[in-house]
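Visitor: Turn these sequences into a full structure, and let the hints guide you.
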Amino acid sequence: MTRQSLIMQLIRNDRGGQIFIGLLIAMLLLVSMSNLLLPADSVLHLSTYAVTLLGKYLCYALLAIALYLVWGYCGILILGHGAFFALGGYAMGMYLMRQIGERGVYGNAELPDFMVFLNWKELPWYWFGFEHAWFAAVMIVVVPGILAFVFGWLAFRSRVTGVYLSIITQALTYALMLAFFRNEMGFGGNNGLTDFKEILGFSLQADATRVGLFVASGIALLLGYLLSRYIVSSKFGRVIIAIRDAESRARFVGYKVESYKLWLFVVSAGLAGIAGALYVPQVGIINPSEFQPLNSIELAIWVAVGGRGTLYGAVAGALVVNFSKTFFTGFIPEAWLYGLGAIFIVVTLFMPKGLVGLWQRRAAPLKAAGAA
Amino acid sequence: MRRNHGLQRYLWIGWLYVLLALLPSMAMSQDTVSNDAFAQLLTGLKADDFEQKEAALRQLAQSHDPRVLDIFKALQEARLYFASGSGEFIYLNENTDPPSGVKVLSGEKLADLDPAAYDKVSVNNQLRSLLKELTASLNLQSPDRSLRLAAVNELVGEVTPEKLALFKQLLATESDAEIAEVLQVAIAIADLDGADTQAKIRALERLSTSLRPEAYNRIQSLLAGLPGQPDSAGLHAAATNALHSIDGRREKYRFIETTIFGLSLGSILLLIAIGLSITFGVMGVINMAHGELMMLGAYTTYLVQAALPNAIDYSLFIAIPLAFVVSGLVGVAIERGVIRFLYGRPLETLLATFGISLILQQIPRTFISAQNVTVQNPAWLSGSWVINPALSITYNRLFIFAFAMLVFFGLLAIMKKTSLGLQVRAVSQNRAMAKAMGVRTEWVDALTFGLGSGIAGIAGVALSQITNVGPNLGQGYIVDSFMVVVFGGVGNVWGMLVGSLSLGTVSKYMEPWSGAVLAKIVILVFIILFIQKRPRGLFPQKGRAAEA
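So the sequences go chain by chain: A and B. The working numbering applies: residue 5 is where the first sequence begins, and numbers increase by one. The working numbering applies: residue 2 is where the second sequence begins, and numbers increase by one.
Some hints here could point you the wrong way.
Unchecked claim - Computed beta-carbon distance windows for the label pairs: (1) B/T367 - A/V287: 53 to 61 Å; (2) A/F331 - B/S515: 43 to 51 Å; (3) B/G345 - A/S263: 56 to 64 Å; (4) A/A44 - B/T367: 37 to 45 Å; (5) A/F331 - B/Q533: 54 to 62 Å.
Think of the hints as simulated: they come from the structure by calculation, not from any bench. Where a beta carbon is used, it is the ideal one built from N, C-alpha and C, also for glycine.
Guide: Quick look at the structure:
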């Protein structure tokens, strides 16, 4: 079976997915061309700022897919996914810090500025290896994955489920936030990691690098989508859905419910890590506030807005909520929290299937008419 | 008739007090210098030379004239002036317009002063500390117990050999046990400066039971000066023992203090978690807006104080019931408006209530201010209860503990003794069966949610007394209080008590060696591990419904 046909197989019966992939590729092409090829005074020219903003949204969308994988398919509401996102971001941040080298304020080739400032003499052991891009790339997935593995192993084994699990994951991200606020941790404390200069040798200030990051986020989103499709349409995915719908029955039939949940959780955490890693070079900073519990809850609402029936719904939710956030905080900042609060309530009360649910409901009669 | 009798007795007792108060001052007046001689002494203060001034001050202190204390006080506050011409001393009051004054010698009042016609009696730092010391020495013999105590406290560790005799004499006549004890310590510290080794060892024994920092420091400096001195072995042993003994006692009191800090933190957690626990226990609803209901209670306190600025002392008595009503009504509205449509979908409930919390947070930002507001402590809550030099407890900590206990046992009584409590317990154990038996579960849900929210409101009032009140007040505690619920066991009131108080004290015990942040992290990790062993908390709810 060639690669091409595997992809085709994954999206053959997924009309929404086909549209989503088509739109995504079209957007990637159009946006990057409009920024790089059109002159700055053209009406159709997109500023680098806007491109970066879109790139940020794409990272959020990937994060939403990661959460959707566990929440939508397995019914586990993790309210600490922001932690994996932030850990991936920190791994990337550490690589970017090491790339600064002698160009820091203190001109120390070995140590990042904040360590010089704290009077540290040598690099802590966990910073070793981060000067290599390949090592950082591995860590971006492995660190969140390991945390998810340990945490999930503990939680699923003792059958912590439902709201309990949600609350405990909130505590997890809260604890990590407190930990990363400490200077002694060696991650820059309050200020986090910032002042990045370049990635893989390309300057982060250059437009082309920005567009490159945007495209990379898009491709990551695409691959994340396909991977998720692959997982849920495999035998593994079918068992996962069975667990969601009747956990006890799946267990009695003989499936090891805990390991299925655990591996799904680990994959999801890895995806979140990648999203975080792509997010950091675009916003130019990573600090402990990324861990704050609020972020992880907001993430859940993106998915809920999009609709918990489809993967692309999660993407749509992430994009819609974040677009409106940017829009409203720009015009009427006081109203945004009212708006966000109202979204939470309205979506849970009136739109159990989210935006996609609304769309499908309108599409369904048409389809029925067409069939007849 | 009986009433009259009582009145007479009071009058008599009053008379006795007046006589007692007069006695010492009568005794003192015997060796007072004459008015002229006093005026003569005062002129010494006009000298430009600070040494002459010092001599004059010492003489004044020995004159036993009742006006001396006022003069010393005025000097310390830079209010003592003398007329450039006549040389007459006055107390200047610059707060009136034009400045006014009072003549020092005669007490005659002067209005419309021209400050230019007067010179200030200036003092330097050396004289200022002398003044402090002399004032304290004068107050030592004051008939007023509190003045005397303050003076003794001031002079501990500064008793020179010349004053030692005076102190011993004072000790012999002192009737107040607390003052006598401080005097003994002061004398013992002074004894350490003497030459008699036996006396020093006795003094060390006396000091080994004192918690005063002066005693501790003096023993330390004694110990540091010992090497090289002949025959110091016995002294060395005594001093080391004394330090050990003091350290042990200090350690003990520090432990008590930490426990009290922990209990007061635990009480806050209890107040917050208890409301959370009943809504979670009865309805299986995680109310993420619980912290914001608490914030509403805190803002209610603020608004009550703003509306009645002259009655701060009573504000809490109005705020507590009002906050209960406000938060309780908001809670019922949340339940009727949102939550009841989401029963059986706990994850959605969690998200919806989170949305409500965002809106509630924004309300004070819009209508009051995004900044923190100040909520005042009533006078009866400020200050602290000083048990000894090593241990004092602020009243608001005591208050919060007592208040939390009151709320806890009140709630317990509601749950155990009222029909509402019975219905609540029935619904939480088996909703379907309760419904079949004729319990109006919807009504019970609304009331339970209202009760839980109302308790959040009064928790907010209590919280407003110890922390800043701002829109984010609720967020800071919500994760902690969820931890209490998870730790103690959902829906179990006793679990809440044990859970909150133990988490509170444990985190305070850990803080000294780990720091507050690390303590919090350790506790969170501990709870994550804890629920491995006991997924349903310390006191799991019994019954079949709890398994579902």
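Visitor: Would you mind marking each hint as holding or not holding in the structure?
Guide: Here is what the structure says about each hint:
no. : hint                        : in the structure
1   : B/T367 - A/V287: 53 to 61 Å : violated, 29 Å
2   : A/F331 - B/S515: 43 to 51 Å : holds, 45 Å
3   : B/G345 - A/S263: 56 to 64 Å : violated, 29 Å
4   : A/A44 - B/T367: 37 to 45 Å  : holds, 40 Å
5   : A/F331 - B/Q533: 54 to 62 Å : violated, 45 Å
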